[in-house]
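Undergrad: Given the structure of chain A, go ahead and fit chain B onto it with the hints provided.
Residue-level listing of the chains:
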Amino acid sequence: MNQWLTAALWMGLALAASIVSIRLAISVALIEILFGVIGGNFLGLQETPWVNFLAGFGSVLLTFLAGAEIEPDALRRHWRPVLTVGFISFLLPFLGAMAFARFALHWPWNGAKIAGIALSTTSVAVVYAVMVETGLNKQDVGRFILAACFVTDLGTVLALGAAFADYNAWLAIFAIVTAGVLVAVPRFTRWFFGVLSGHVSEPSTKLIFLLLFFLGGLAAQANSEAVLTAYLLGLVVASVMAEHHEMVVHMRATVFTLLTPFYFLKAGAYVSLRSLWLGLGLIALFLLVKGGAKIAGVYPLTRLYRYDRSTAWYTTLMMSTGLTFGTISALFGLAHHYIDQGQYTVLVTVVILSAVIPTLIAQSYFRPSIELQEGEPHPLSVTQEVR
Amino acid sequence: MYHRILLAYDGSPGADKALRAAIRAAKEQGAELHLLAVEEGLPRYAATADEMDAVKEQKDTYYQRLCDRAEMEAQLAGVPLTSHVIAGHPSTVIPEFARKLGCDLIVAGFHGHSALHARIFGSTCRGIIFHSDCSVLVVK
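Chains as they are written, first to last, in our numbering: chain A, 1 to 387; chain B, 388 to 527.
Isolated chain A (complex conformation):
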């Protein structure tokens, strides 16, 4: 198949996924993964160097956008519980899933590390979507959960960046240059965006791409992972990005049209239906390990910080979700041959199920209520009065 027909097949699947996701009101990413599964198992979806590049860049930009979504205020206001809950929410599932994979399943160490990292994640986006729909993103509890999720994800990307790196001169150069760039970038981008933002040639977006490519390239030299620098870069430019909404909209269009479809379709294409069927028991066990570790870590801490029982369960379940970073970690493991396709299939399925199951339980049984005072507009509402 020539490259145009290959591209047509990939884009056809991406288009179909978009339409289905709009009709079902389910994230396009999830549907793209499912269409990737169909493409990989039944349509002979071909992987090419340019598909790999677009998919890789898609995962880097997804991570960058995830980092840029942080609300520094929430982090500052509740920094102690946020850091504690967020860190434990990363650490226990990481250690639990890694130990389970290594000692119970006898996976090689590197494969076990990938399992630990992939299942330690929390999906900020899944949680954010729920918060926006319920109005909890404007309440203290919602802001707390989101900020803690950021800390968990930071733990995940740090682990992914550090666990497989070569500890040599390249890593030292990478660390020093990255630190320097991260310090200088917020002030420089604020000035740069102020001067050049809004031009049709999108210099601001190109600057972000340049930084992502450069830092990602250095990370690759040190055998670290480009998503680490992408997340950190997103964190430091979050407030600048918030001031340039138009640029975010343009970047969003590029990312969702051209890049992330290739990433999520590729993530789905590697899922083997045969391995899925054979690994059903393993999937259930990994789900229990992830859920159990999150409950063991997050629930007691939230109770310690005086959340009532129901809110503590809600927080725990929300922090048990996972999606983007889980698939990124699993795909990283497969691409570097730390895990095989069967293990990848198991991990990605667990990650997808962890986006759905805890959310459904939390929303059905533990959703905190928002009380409306007399004469006060609903926290979600856009209110207008005409006299």
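FYI, nobody ran anything at the bench for these hints, they're computed from the structure. Treat the hints with caution; some may be incorrect.
To be verified - In silico DSSO-like pairs for lysine-lysine, Cα to Cα no more than 30 Å straight-line:
#1 A:138 to B:446
#2 A:138 to B:443
#3 A:138 to B:487
#4 B:414 to B:487
#5 B:443 to A:206
#6 B:527 to B:414
#7 B:404 to B:527
#8 B:446 to B:527
#9 B:527 to B:487
TA: Relative to the frame of chain A, chain B by itself:
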């Protein structure tokens, strides 16, 4: 008889009939009139917050336009109207909002889905009636 009326509004022809009925009822009874538009179709299990934000911005704009249209009609009839836009599922969000606002009547339009559709997905009106504490007027 009724003091605070909540109109469930989605811009459909049925909802437009309900709007006119609600305006008439509010005018006749001197009741306070609120309009609630429920945003449906926000993406669940999003991969980035941006995906949610993009759809939310789109929906906010669309529903705000609907509210503006309804407010214009109420204004022409000389009835004060307060509009609200909330995300969620109509059959649970509308009764919950009416309860919190202290409404004693919910007015909703009849959609007229097929019997099969109603059997499979349930009817919104039936859901509102089932979950509400107050009276519900379904306008056909």
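Undergrad: Against this structure, judge whether each hint is valid.
TA: Structure-based check of all given hints:
Distance hint between residue 138 (chain A) and residue 446 (chain B) is fulfilled; the C-alpha atoms sit about 18 Å from each other, no more than 30 Å. Taken as a hint, the residue 138 (chain A) and residue 443 (chain B) pair is honoured in the structure, with Cα atoms around 15 Å apart against an allowance of 30 Å. Using a Cα cut-off of 30 Å, the hinted pair residue 138 (chain A) and residue 487 (chain B) holds, with the two alpha carbons roughly 18 Å apart. As the CA atoms of residue 414 (chain B) and residue 487 (chain B) are separated by approximately 23 Å, the hinted pair is consistent with the 30 Å bound.
Of the pairs offered as hints, the one joining residue 443 (chain B) and residue 206 (chain A) holds, with about 27 Å between alpha carbons and a cut-off of 30 Å not exceeded. Distance check on the hinted pair: residue 527 (chain B) and residue 414 (chain B) sit about 20 Å apart at the alpha-carbon level, within 30 Å; holds. This hinted pair checks out: residue 404 (chain B) and residue 527 (chain B) have alpha carbons roughly 7 Å apart, not beyond 30 Å. This hinted pair checks out: residue 446 (chain B) and residue 527 (chain B) have alpha carbons roughly 26 Å apart, not beyond 30 Å.
A C-alpha spacing of about 27 Å is found between residue 527 (chain B) and residue 487 (chain B), which places the hinted pair at or below 30 Å, so the restraint holds.
Violated hints: none; the structure is consistent with every hint.
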